[in-house]
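Participant: As a plain string of letters, each chain reads:
Protein chains: 2
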Amino acid sequence: MNEPIRPVPLEKAYRLLNHGPTVLVSARHAGVTDVMAAAWCCALDFSPPKLTVVLDRMTATRGLVEASGVFAIQVPVVAQTRLTRAVGTTSLATLPDKLAQAGVTLFEAEGHPVPLVEGCSAWLACRLLPEPHIQDAYDLFIGEVTGAWADARVFAEGHWRFEAADPALRSLHYVAGGHFYAIGEAIDAGGDMP
Amino acid sequence: MNEPIRPVPLEKAYRLLNHGPTVLVSARHAGVTDVMAAAWCCALDFSPPKLTVVLDRMTATRGLVEASGVFAIQVPVVAQTRLTRAVGTTSLATLPDKLAQAGVTLFEAEGHPVPLVEGCSAWLACRLLPEPHIQDAYDLFIGEVTGAWADARVFAEGHWRFEAADPALRSLHYVAGGHFYAIGEAIDAGGDMP
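Heads up: the sequence lines are chains P and F, in that order. The first sequence: position 158 = 165 (our numbering), numbered continuously. The second sequence: position 124 = 131 (our numbering), numbered continuously.
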């Protein structure tokens with residue numbers, strides 16, 4: 008990888024998700040790795056940082072998360088639109104080489120035994136906080152963020168720099184039917200607000 | 008109001024939130040109304056549509072949601088950046104005329120006794136699905152969407168039309184420190200994906 012990946016302080020990790028991007032969820036157990044796309048992932052707390060993600064029971068990723076107790080959330084970029092759509096519409100159950108076909112290349116961060124997807128703009132390693140009732144009733148999973156990293160070309164000093172970066176590094180925001188929006192222009196609420 | 012507000016079929020209501028916008032949360036109980044901003048709101052299910060929202064225990068809105076059992080989620084637009092920031096940074100407890108000072112005007116949809124904020128692009132009336140453990144442990148609330156509406160200038164036939172609408176109608180995506188991004192360009196994953 009040539010991207011300048013830098014650690015993000017845990018207390019600022021929520022900022023990686025605060026603008027509501029579609030994410031990739033990755034997990035590994037007993038030699039099996041899966042990556043799926045998820046539009047339903049959201050920050051839940053600042054410190055320690057937590058997040059929620061909805062994992063349908065039909066997904067192979069969910070089983071890997073439940074079995075291993077760890078997973079990663081990462082923020083794919085415009086250049087990965089096809090990859091994101093591909094891992095979101097194919098299943099490991101019916102397409103065993105799903106990840107290769109989607110063009111996914113994995114790496115790991117030292118001390119965090121979760122598969123991370125190359126080419127994203129941000130990564131959050133998580134440990135599952137088991138909440139069996141909401142997992143069962145709502146397919147809703149809670150993770151505590153144990154490590155966070157970002158591509159310094161687009162997230163630096165605790166802030167996204169979309170307006171200064173290559174548009175191919177913008178986050179994706181899925182709607183439906185293969186249609187995404189990229190994140191857009193910076194909007195400032197103005198200095199006269201509290 | 009002059010906006011052409013149209014009902015959104017409940018099975019497509021998730022699309023109003025799928026791209027991860029910052030939202031306004033509104034609720035009323037015993038004659039007290041509050042509106043707050045929330046970046047941590049997320050779709051949870053398709054049909055019946057459900058959503059999650061994080062409501063800190065410091066907010067007055069949370070108490071109104073708990074007491075009334077109903078609330079609304081709405082999607083503010085770029086033209087409401089200051090309003091959004093204002094309701095997100097002031098409290099009814101210390102500023103009783105918070106809503107007037109922020110420029111909030113309310114309306115109601117027939118059959119849904121929740122206050123709705125004028126000028127937004129989409130509205131979701133919700134009933135609280137009580138889950139005391141996660142409300143207490145994580146400040147996480149689950150709502151079932153009972154009614155949905157959108158401004159037809161920017162959401163029509165089940166799809167956002169940001170690329171064809173006034174940029175002032177784009178959704179806001181909050182990061183931190185008064186900085187938002189607007190939603191940006193449409194990105195299509197291509198017809199050759201599954």
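Please note: incorrect hints may appear among the correct ones.
Which copy is meant is left open, so a pair is good if it fits within one copy or across any two.
Distance condition first, Cα-Cα at most 25 Å in a straight line; then the derived SDA-like pairs of lysine to any residue [as the list claims (entries may be wrong)]:
{"id": "1", "residue 1": "K19", "residue 2": "P139"}
{"id": "2", "residue 1": "K19", "residue 2": "H36"}
{"id": "3", "residue 1": "K19", "residue 2": "A45"}
{"id": "4", "residue 1": "K19", "residue 2": "R89"}
{"id": "5", "residue 1": "K19", "residue 2": "A37"}
{"id": "6", "residue 1": "K19", "residue 2": "D63"}
{"id": "7", "residue 1": "K19", "residue 2": "A100"}
{"id": "8", "residue 1": "K19", "residue 2": "V39"}
{"id": "9", "residue 1": "K19", "residue 2": "H186"}
{"id": "10", "residue 1": "K19", "residue 2": "G70"}
{"id": "11", "residue 1": "K19", "residue 2": "G185"}
{"id": "12", "residue 1": "K19", "residue 2": "D104"}
{"id": "13", "residue 1": "K19", "residue 2": "A193"}
{"id": "14", "residue 1": "K19", "residue 2": "L99"}
Since the hints were made in silico from the structure, they are not lab data.
Participant: Hint by hint, say whether it matches the structure.
Facilitator: Results for each hint:
no., hint, result
1, K19 to P139, "neither (28 Å within a copy, 28 Å between copies)"
2, K19 to H36, "neither (29 Å within a copy, 35 Å between copies)"
3, K19 to A45, "both (22 Å within a copy, 17 Å between copies)"
4, K19 to R89, "between (29 Å within a copy, 24 Å between copies)"
5, K19 to A37, "neither (32 Å within a copy, 38 Å between copies)"
6, K19 to D63, "between (28 Å within a copy, 18 Å between copies)"
7, K19 to A100, "neither (36 Å within a copy, 28 Å between copies)"
8, K19 to V39, "neither (31 Å within a copy, 34 Å between copies)"
9, K19 to H186, "between (29 Å within a copy, 14 Å between copies)"
10, K19 to G70, "neither (29 Å within a copy, 28 Å between copies)"
11, K19 to G185, "between (31 Å within a copy, 15 Å between copies)"
12, K19 to D104, "neither (35 Å within a copy, 32 Å between copies)"
13, K19 to A193, "within (19 Å within a copy, 28 Å between copies)"
14, K19 to L99, "neither (33 Å within a copy, 28 Å between copies)"
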